[in-house]
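Engineer: For the sequence shown, my numbering begins at -1 and goes up steadily by one.
Please note that the accuracy of each hint is not assured.
Claimed, not checked - Quick list of in silico lysine-lysine cross-link-like pairs, DSS-like style, CA-CA up to 27 Å: (1) K616 to K593; (2) K616 to K199; (3) K692 to K637; (4) K692 to K712; (5) K615 to K593; (6) K3 to K308; (7) K545 to K608.
Hints in this document: simulated from the structure, not taken from any laboratory. All figures in this text were calculated on a predicted structure; none of them were measured in a lab.
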Amino acid sequence: MLLRKLAISNFAVRKARVVLTIAAIAMSVSLVVAVTTGYASVEAAARKFLGQYLGAWDAQITRPTDPKPGVDVAWIDQLRADPAVRRAVGRLESDIAMLNKDGKPAEGGRHASVFGIDRSSDDSTDRLKLNAGRWFTADELNGVVIDEGTQRNTQVKVGDTLLLPGTNEKLPLKVTGIIHKPGILVGYINSMYLPLPTLQKFLFDGRTDRVSKIQIEFNENINAEAFMQRWQTKLQQADPLLKLRLTRERRDQLDQNLMAVHVLSYLGGTVSMLAATFIVFSTVSMGVTERQRSLAMLRAVGLLRSQLVKLVLMEGALLGLLGALVGVPIGLFWVHVLAWKFADLFSAGVVASFGGIAFASLGSIGAAIIASILPAISAARVDPLEAMSPLANAGVKTMRPPIALTLVGLLLISIDPAIAFLGVPAVPGPVERSVRFYSHFVIGLPALMIGFFLLAPLFVWLVDRLFSRFAAMLFGVRYALLRQQLSGGLWRAAGTCAALMVGLSVLIVMQTQGHSALSSWELPDRFPDVFVYTTSRAGLDPAAQEKIRNTSGIKKDETMPIAMLSPEFGGGLVGLAGAAFMPNATMYFGIDPDKAFDMMHLDFRQGDPKSAAAMLKKGNHLVITEEFHKLKGLNVGDKLSLVSLKRGGTIDFTVAGVVWSPGLDVMATTFDLGKQFDQRTAASVFGTLEDADKLFDVRTVYLIAANLELSVPKAELIKKLQQDLGDMGLSVADVRQLKHDIVAAFSRLLLIASTIAWAAMAVASLGVTNTIMASVRSRRWQFGILRSIGVTRGMLTRLVIAEAVMLGFVSVALGFAAGMLMSVDAHRLWAIVLGYAPKFAVPWWIIGIGAGAVMLVAIVASIGPALSVAREEPLSLLQAGRAAA
């Protein structure tokens, strides 16, 4: 009871400081709550729609490796005869380019997911909400229902005719209805639904005996695993490429794909919370320093050291609790505002993230208590007799950085570099990669941040010694008035600078890693001009390939079909850490070796084009990218195992060459060709078209590389090709423009992710204001003396701002040192875990902007306190007395 009263009375005396500290904590808490709840709400909307799409199906059969042949509909009757099956229905799915109402390619060459459904047995579409029109009847074989995104791109309405493009003909469809789709999906997924026989005939040359998947619903209380084992054996015997899997596996895969975003939703607020922790430390530290006499009196009348420690820790806990109580409602309020403003995006309503709320609340209280430990120890060391001396707080005492804590800080900082650099073999094993990866995040980064916090007093002391004279000259104040102002409140300044450090260091490491990845992607000097591709499961048959070769503007002898598949690695190529970011499969490109190495001058790190082409033509050979060489230590002549469903086991390929990746896998993903494969992939390998057919049973081609006749400007020619080939449902991508667009999109994503750093700086700005206010408060009597002997209001204002500028210098130095060290460590770990080490690229201009933002925050935060003290009359300042603090 006594300690609680003492804590509350201290808060009552320093209302402005307490309010600012609570505001900083509340801001960080609200960020965590708003981001996690907003993410949970949008995810719920997406899952609601996907749940409608997946329906009540328990399992499905697909042919993921080469989807073009599809699944024989004869399996449907066999499945329906199984006692474990309640119902089984076939569905045909394909991505097809959209044509507008005039029959021309839709703007941007957009595609739609086209679904062939049998509404007599498949009721999953009944859950989809119709905005206009109705579903087609059994007699309307050319009816189609589209979603809002498709309507927006094609500009058609109910009753209009919509053309579906093909390489040989266009299929006319009559729009009978338009369905609603959540806003989060409208811009990314366009859908069309039409009768199953109609789409079958269109994609399979008149045949109606194939579907892309068979969906299965189980009867109650059946053994799903036994069903899986029984049917997987049957399917493998008939077609090794058929795959049966439970729907929950798809949901698990969705969860895995969303995991990175989920973690990022917590990370954004966590960084801000770290900045708030340092602000709490600074606040509590200031409170202990300013209450030396009060604490000494309490000690003199019998208060124990342990009680003083409890008092300070209680103050920190109360600050954290109050910040959480304010921050949680604010965070939820902002999400409700967004839900009101973007109702379609939040179609499932606001779904509170209880994990995010608990993490933010408990994290803020725990962080505040941890931040109070050092000030609590300082309070316990108060000497009653010395602290009660009349001049105990007079003047500015020069403090030196604590040697012991500085050494501890250096030791903690060295942990992360040790994890990244010490004892790394040429080819780390999977377990070692995993240990280093998780140790970096769990041990290395927290230790590094704490270490730089413990080094902050040293940085403050050095800047005070080395730059105070320069700052005095810059602002036109006497050096004697400015020196030792920072080191006089060493820990107060250290906590504030550490808070500002967090945002700048995070900005540096994110931007450096991102720009390092982007700068390493360079296309070879000779590379195809365009890629012609289709997302239709029908692929590009020989007739379509011949049409492309004979298209005006394309060099007939310089076209190259490329087969694509996604075999899994044999023998567990990646470990636990790698699996988190690098899936256990690769993207295999089947090529004509002679033509490929003539059209693409790849950067061979081992081997050469001529010998590699000769070995590839022998079969069972691969050209691998640098990632595999680094990750697994593979060299020319070594073996790389890939899983072949056709062979029912692994196939050993011999490495024929090692090349620097031209990014073909990234481009293929951008084409949405990944939708043709039911497997997440990493990196890429180059084999032959013959091996793709013989070893993996993949004959379908979706992608053709081509060079152009540049007798007319390239831009005009590509635009013409997009029109000519677009009418056939094909897309044309300018390779160099595509690379530019990918880099630009990634750069935008990087800027969005960097809002984490800017949010941390915003939180830290409250700490700077707090520190400047405390510094001004503790020197009111001194300022009164200065005003009495002729110092002007302007000089007093400049003096306070100069101190803030020095705080900014310290923060920039700390942030730059921490950010660059984290960047170097992350770059090294990137190479260890993923086998990919891009050249280290530092975006100095962005770092300059970040440093400028830190300085601006410090200066702006000081203007209010500076003007406030400058407006005071000398007598008012002198009345504070020498013990004003």
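Engineer: Please go over all the hints and tell whether each is borne out by the structure.
Structural biologist: Against the structure, the hints come out as follows:
For the suggested pair K616 and K593, the alpha carbons sit about 16 Å apart, so the restraint of at most 27 Å is met. Taking the CA atoms of K616 and K199, the gap is about 39 Å. The hint is violated against a cut of 27 Å. Using a Cα cut-off of 27 Å, the hinted pair K692 and K637 holds, with the two alpha carbons roughly 19 Å apart. The hinted pair formed by K692 and K712 fails the criterion: a straight-line CA distance of about 38 Å is larger than 27 Å.
A threshold of 27 Å between alpha carbons decides the hint, and for K615 with K593 the separation of about 12 Å falls inside it, so the pair holds. Distance restraint check for K3 and K308: the Cα-Cα separation of roughly 13 Å lies within the 27 Å cut-off, and the hinted pair is therefore satisfied. A C-alpha spacing of about 30 Å is found between K545 and K608, which places the hinted pair above 27 Å, so the restraint is violated.
Against the hints set out earlier in the document, violations occur for numbers 2, 4, 7.
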